[in-house]
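K.L.:
Assemble the whole structure, with the sequences as input and the hints as a guide.
2 protein chains.
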Amino acid sequence: MTAAPQAALRWARTRRAGFLRVLRELVEIPTVSADPGHAGDVRRGAEWLARHLRRIGLPDVVIVDTAGHPVVRGAWRGAPHRPTLLVYGHYDVQPAGPPDAWRTPPFAARRRGDWVVGRGTSDNKGQLLAHLAAIEAYLRTSGALPVNVVCMLDGEEEIGSPHLPGVLARECRADLAVVSDTRMAGRGRPAIVTALRGSVTAELEVRGPPRALHSGTYGGAVHNPITALCALIGTLHDTDGAIAIPGFYRHVRELDPDERAAVAMAGPTDRAVLDRAGVTRGRGERGFTAFERTTVRPALDVHGITGGHQGPGNSSIIPPSATAKLGLRLVPDQRPDEIAAMLRRHVARQVPGGIRARLRITGRTPPVRTDPTHPAVDAAIRACERGYGATPVLVPSGGTIPAVGQLATTLGVETVLLGFALPGDGSHGPNERAHLPTLFRAADTCVWLLHELAAQDLATGDWFSASRTPATIAALELT
Amino acid sequence: MTAAPQAALRWARTRRAGFLRVLRELVEIPTVSADPGHAGDVRRGAEWLARHLRRIGLPDVVIVDTAGHPVVRGAWRGAPHRPTLLVYGHYDVQPAGPPDAWRTPPFAARRRGDWVVGRGTSDNKGQLLAHLAAIEAYLRTSGALPVNVVCMLDGEEEIGSPHLPGVLARECRADLAVVSDTRMAGRGRPAIVTALRGSVTAELEVRGPPRALHSGTYGGAVHNPITALCALIGTLHDTDGAIAIPGFYRHVRELDPDERAAVAMAGPTDRAVLDRAGVTRGRGERGFTAFERTTVRPALDVHGITGGHQGPGNSSIIPPSATAKLGLRLVPDQRPDEIAAMLRRHVARQVPGGIRARLRITGRTPPVRTDPTHPAVDAAIRACERGYGATPVLVPSGGTIPAVGQLATTLGVETVLLGFALPGDGSHGPNERAHLPTLFRAADTCVWLLHELAAQDLATGDWFSASRTPATIAALELT
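Sequence lines, in order, name chains A and B. For the first sequence, the positions run 1 to 479 when this note's numbering is used. For the second sequence, the positions run 1 to 479 when this note's numbering is used.
Calculated directly from the structure, the hints in this document are not laboratory data. Any given hint could be a false lead.
Unchecked claim - If we take Cβ atoms under 7 angstroms as the criterion, some of the chain A residues that face chain B in the derived model are:
1) Ala34
2) Gly216
3) Ile233
4) Gly307
5) Arg329
6) Ser427
Unchecked claim - Residues of chain A placed beyond 10 angstroms of chain B at every Cβ, according to the derived structure:
7) Asp256
8) Arg297
9) Thr373
10) Gly405
As the list claims (entries may be wrong) - Computed list of chain B residues with no C-beta within reach of chain A, every gap over 10 angstroms:
11) Ala108
12) Gly220
13) Asp258
Cβ coordinates follow ideal geometry from the N, Cα and C atoms, glycine included.
P.N.:
In C-alpha cells form, the structure reads like this:
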C-alpha cells in the first residue's frame, strides 16, 4: 500500500478539534522532570503517551524505564527497503514558576482565540503532537507510512536527558532524526536550525556560620554568605557583560565576516530581540549583535538564587548558607568538561576566607552543529514550502537540546532541527502558549516531510541532492 | 502592707516548676509578628498574656489594640508616693526559619537538661516571664509591690514596634523603664547594656524583563535581574568589608583611645566572638576588634535573597525580578532617615541600564545610649549582686530595641537595659534556647530590682546616688 500525502492531509484537516483535545489532555499532566515531587506525574505522562501512540495506530509501543523518568518508544517498520526516521520529542516540561505570574492555570491548556495557553503547549508537547498527528493521518488513510518511523519521546529533556544515550543505544536504530523543539523566524516563516548551544548547569552553594546568627549580635564581624555569594557571582562577568572566567573564550570559534553577514541577514534585529524579551536595553558582550550574543556567542545566567529569610517580613539573621543555580551556554568548540573545570577553579580562587563554597555540576551538554548539506535538509525545506508556503531560513539557535549530540554520538545519525514554536511563545516562562494555526500547518509540514524523505533517491543509498533554493544558500554557508 | 523581698524570693523559689510550665505554654503559641499568616497566633499570645497577668494578681489588665498586633498592658499602682517602673518586654518572636535546622520543634519548648529549647525561650518570652515571676512573688506574699509597675508587652518588637509610640503616649505614665532583652557577659556574669545600635531595614527589588525568559533564547543579550542584584549588593561593601555607601560613616561618633580600651576590657576577645558564631575567620572593618565591629561600629547585612527558580532541580530562565532584604545597624550619631536616603541615592546611581530597582524602607530605629550615671543603674547593679552574686559589667550591645528610643522620646523616661540572655542562646537562629538556672536567678534579680528601686532616696524626688562600685567605673565612662 502506498502512503499518499493528499489523503493524509485531508484527514488531518478534519481532525483539528481532536488535535486540541489531545494537546489539552497531555498538558493537563504536570510532567515537571526537575521536581522529584512530580515523578508520578511524569510517569502518568509516559503512560498517556504510550496509550496515544497505540491509539494512532503504531504497532510497536513500549515504555522504556530508566534510572530516572521513562522514554516512550513507538515504531512502525512496514517499509523494509526505505530508511528509518527517528522522531525525537520530549513530554517533560519546565517548572511552572510562580503561580501568580500565570493568567490561566499553568497545567490547564486554556484556549485564547488562536492560541492555547499552558506549560508545555509549545515546548514541547504541541510540537511532538504535530508529528504524531501526521503519522496518524497516514496510518488512518493509507495504513502505511512513507518511511519507517521510530518515535522516541523523552521524559528528561529539561534536565539534560541523562538517561537517553543508554536507551538510544539499546532500543533504537535509525538513519536520520528530526527534532521539532526550536523556533520559527515568525508566523508563516519557517526555520531550520543549524546549530545549538551546549550547556553546563551547576549549583553554587556558599556556607558561612553553622547556623543562622542574630545580625545585631554578629553583624559587622562575620562574613555573610549571601554577600559572599553575590560577590562571587559578581566576578563571573566583567562590566560589559562578557564572561570573566579566565580562559572561558579560549576555544570559542570566531565567525569570519561573511559568516557574520549571513547571521545578520538570517536573524532578527537587536530591536526585534529586545522587543520580544520586553526590555528596552540589552546587555552583553561588546561588539556583537543581540542575535549573535544569543546564538553564536556563549552566555552565563543565574537561573535562581536563595538564601536567608524567604517570604514576607524580615528576619534579622546572618544565614548559614546561600545557593545559586547557574546556567552556561556554550558554542563550538567549547567543551563542557573543560568549562566546568574552569568554573570550579575560578570559584576556588575567588572564595574568601571564612567561607566555604561547593560547586556541583548538574548537567553538561556539548554544543552541536548540524550538516546543512545533508539531503534531508532539502526534504525539510520542500516540506516547509508545501506546509507553510514559504522557504525556511537556516539559522543558529541559542537553545540546548541534549538529544541532538547524543543521537550523533550514539547512533551516528544526523538531525534535522525543524521547529514549530513562535518567538513569542514564552517557553520556560509564565503563560507559555502555542499558536494553533501554526501547529496545524506544522502537522501538514510533517505529512510532507515523511513524503519528501521517501521521495529522495534511495536506490543507491545516497542522500545527496543538488536541488537547493538560492534563498537559503547564504544562511547555509554560515554554519 | 510592706513588700518584703525575702518572702517573695522564698515563694519564687518554690514555684520553679510552675515557671517552666508557663514558659512552655507561651512558647507553644507561634507569635511570629513578621508573617501575616501568624496574625491570629499573635492575637492568641496577647490573650494568653492578659490572662496570665490577671492570674499573677495584677488588677488592671487590658489588651490595647493597634493597627497591627496588640500591646498587653498590666499595671499595679498601689503605692502612690513611690515611682512607677515600666517593664517593657515583647511576646512576638522571629520566624522559625528552615524547619530542618531545628533538632526539636521550634514552637514546643522542649527541656534539655538545664536548657529549654524553642523559638522565643530566650528572646524574649523567658526574660519577660522572669519579671512577671517577681511581680507574682511579691503580690502572693505581700499583696503589694515595692514600687508601682506598668508592664507593656509588645507584639511587634521584631518588626520595629511601629505602633508602640502611640500606645505609650495614650496608655502609659512612668518614671523609669527596665527592658530585659539583651545578653549577659556569660553564665553568672550579668551585664547592663549602655548602648544599642539603631537599624534601617529595607527590601531591594530589581526588575528586568516583564516575564521569565528562556535563557537559551535570550541568554547573553538580556540583563539578568539576579546578576544585577548581586552586582548592586557587591557595591555595598568594599573589599575589606567596610560599608561603601558614600557618606555612610560621616556621622559615626569615633571612640577615643580610653573609650576603646574600656570596650576592650568589658567585651569578649575576637576569638570568643568568632567561636560563639562558629566561624574560624571573621570579616569586617579594618582596624577594629570583632566586639567593636558588632557594637560601636555600624554594619550592613543581607538577611535574605530570592530570585528565579526555587527548590529542587533547575529551570532555564532569566527571571523577571530578584529581591534582597537588607538590614543596616547604626551607631551614634547616624540618623536612620539620612542613612535611608544615602542608600536610596547609592542604589539609584548603581542600577544599570535596562534594570529597574525599587528600594522599600521597612523599618527605621535610631541608635540609643542609656545614661550610666542614672541612679536606677545603681539599683540594677545591686540587684545583680544580690541575684547573681556578681557585679555586672556595663557594655554596649549590637542589637536594636526600638522601644528604648521610643520610651525616651514619648515618655521622657530613661531605660535600664538589664538582660538575662546568654551568649550561646542562638536568638533569631534555629534551636534557640534559654538556660533555666539563669532565668531563675533572673527572677530573683527582678525581685531585688523592685526592692532596690524602692530603697532609693525618693523623698526629694532625686534619683542621684553616689555609691558605685569601682569595678564598673571604667565601663561606665566609655559610654
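K.L.:
For this structure, which hints from the list above don't hold up?
P.N.:
8, 12
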